[in-house]
Amino acid sequence: MQKNKTYKMVGLFVLTGFLVFAAIIFHYVGKKFASDDSQYVVLYFEESIQGLNVGSSVVFKGVEVGQVAKISLITNLQNGTFKMPVFITFKQNRSFQMKDGQDASPEEILHSLIEKGLRARLISANYLTGQLMIELDMDPSAPAILRGTGEHLEIPTVISSIGMISKDLQEIPFRENMMQLGNLLKELDDKLPPIMDNLYSITNKTDKLLDGQATRAEKTITNFNAMVEQMSRAGRSVQNLADYLERHPEAMLQGKRRPR
72 MQKNKTYKMV
82 GLFVLTGFLV
92 FAAIIFHYVG
102 KKFASDDSQY
112 VVLYFEESIQ
122 GLNVGSSVVF
132 KGVEVGQVAK
142 ISLITNLQNG
152 TFKMPVFITF
162 KQNRSFQMKD
172 GQDASPEEIL
182 HSLIEKGLRA
192 RLISANYLTG
202 QLMIELDMDP
212 SAPAILRGTG
222 EHLEIPTVIS
232 SIGMISKDLQ
242 EIPFRENMMQ
252 LGNLLKELDD
262 KLPPIMDNLY
272 SITNKTDKLL
282 DGQATRAEKT
292 ITNFNAMVEQ
302 MSRAGRSVQN
312 LADYLERHPE
322 AMLQGKRRPR
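Per the numbering used here: the sequence shown = residues 72 to 331.
Keep in mind the hints are simulated off the structure, nothing from the lab.
All figures in this text were calculated on a predicted structure; none of them were measured in a lab.
Mixed in with the good hints there might be a few duds.
As the list claims (entries may be wrong) - Ranges of calculated distance between the beta carbons of each label pair, as one might list FRET restraints: (1) GLU117 - LYS162: 39 to 45 angstroms; (2) ASN150 - LYS187: 31 to 37 angstroms; (3) ASP210 - MET155: 20 to 26 angstroms; (4) PRO265 - GLU117: 26 to 32 angstroms.
As the list claims (entries may be wrong) - Cut-off 25 angstroms, straight-line C-alpha distance, at most; resulting in silico cross-link-like pairs (SDA-like, lysine to any residue): (5) LYS132 - THR220; (6) LYS262 - THR277; (7) LYS132 - SER232; (8) LYS187 - GLN202; (9) LYS262 - ARG192; (10) LYS279 - LYS290; (11) LYS141 - SER212; (12) LYS257 - ASN275; (13) LYS162 - ASP208; (14) LYS132 - THR277; (15) LYS154 - ARG192; (16) LYS290 - ILE236; (17) LYS132 - TYR111; (18) LYS141 - ASN197; (19) LYS162 - GLU206; (20) LYS154 - GLY133; (21) LYS276 - LYS257; (22) LYS132 - ASN197; (23) LYS290 - SER303.
Cβ atoms here follow ideal geometry from the backbone N, Cα and C, with glycine treated the same way.
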């Protein structure tokens with residue numbers, strides 16, 4: 072009986088120790104996860120994030136400083152809108168730091184950088200596969216639009232070059248333009264046959280007119296050539312007379328001598 076009681080005490084002690092150990096483990100694990108979640112920085116992109124995945128790089132000036140840790144989908148049932156917050160974390164050895172002697176927490180440093188123009192945008196990580204990554208850069212001209220709830224530190228985003236092109240293309244009224252083009256082609260199709268008939272008639276009249284003008288022009292050229300020939304003959308006659316008078320100036324008084 073005493074032996075059984077000893078076994079029960081040992082078993083109870085072992086069970087209690089195991090429960091305490093498990094409680095300690097769960098406490099530290101839960102604290103670790105809570106700490107990691109509190110270190111998230113959230114981004115909201117107003118464009119498609121297809122190609123961005125958990126583990127995608129976050130770069131600043133070409134240096135990888137972090138990665139995408141989580142991508143969520145938040146639905147607003149009242150207005151049917153969606154938000155896709157992207158959570159990123161920074162590497163411990165490559166996070167933003169202050170100069171020596173300046174004391175500030177990472178959150179304070181990020182807040183200061185955001186006020187000075189730190190913005191995030193999507194860029195291509197691989198053009199062949201379509202994978203994306205996040206680029207951080209200083210752009211003070213871009214407005215700091217915050218779209219989150221304030222639960223996490225948020226870095227404002229700016230639209231990427233590809234997103235800007237896509238947005239511009241979406242704003243082009245292709246349907247209206249195609250309808251206008253279709254109406255114009257139909258109107259041309261209705262009006263083009265009469266125009267072509269008139270053009271054919273005008274072409275025929277022009278050909279006939281040109282034929283008549285060509286005949287008259289040919290006659291004029293023939294007459295002109297004859298006149299030029301006559302003028303050439305008259306010129307030669309005058310030249311001959313001038314040569315004779317130069318040799319026989321007395322002919323001006325006596326007349327031209329007749330041959331004996």
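Each hint tested on the structure:
1. GLU117 - LYS162: 39 to 45 angstroms: Roughly 27 angstroms apart at Cβ, these two residues miss the hinted range, so it is violated.
2. ASN150 - LYS187: 31 to 37 angstroms: 34 angstroms, holds
3. ASP210 - MET155: 20 to 26 angstroms: 22 angstroms, holds
4. PRO265 - GLU117: 26 to 32 angstroms: 53 angstroms, violated
5. LYS132 - THR220: 29 angstroms, violated
6. LYS262 - THR277: 23 angstroms, holds
7. LYS132 - SER232: At roughly 17 angstroms apart (the allowed maximum being 25 angstroms), SER232 and LYS132 satisfy the hint.
8. LYS187 - GLN202: Judged against 25 angstroms, a Cα distance of about 29 angstroms means the pair is violated.
9. LYS262 - ARG192: The given pair, whose Cα atoms are some 53 angstroms apart, is violated under the 25 angstroms limit.
10. LYS279 - LYS290: 17 angstroms, holds
11. LYS141 - SER212: With a Cα-Cα distance of about 29 angstroms, the restraint between LYS141 and SER212 is violated, given a limit of 25 angstroms.
12. LYS257 - ASN275: 28 angstroms, violated
13. LYS162 - ASP208: 17 angstroms, holds
14. LYS132 - THR277: 72 angstroms, violated
15. LYS154 - ARG192: Answer holds: LYS154 to ARG192 is near 16 angstroms, not above 25 angstroms.
16. LYS290 - ILE236: Answer violated: LYS290 to ILE236 is near 69 angstroms, above 25 angstroms.
17. LYS132 - TYR111: The hint holds at about 21 angstroms.
18. LYS141 - ASN197: 20 angstroms, holds
19. LYS162 - GLU206: With Cα atoms ~15 angstroms apart, LYS162 and GLU206 stay inside 25 angstroms; holds.
20. LYS154 - GLY133: Given pair LYS154, GLY133 is violated - Cα atoms ~28 angstroms apart, limit 25 angstroms.
21. LYS276 - LYS257: Outside the cut-off at roughly 30 angstroms; violated.
22. LYS132 - ASN197: Holds: LYS132 and ASN197 sit about 18 angstroms apart, inside 25 angstroms.
23. LYS290 - SER303: Given that 25 angstroms is the threshold and the Cα spacing comes to 20 angstroms, the pair holds.
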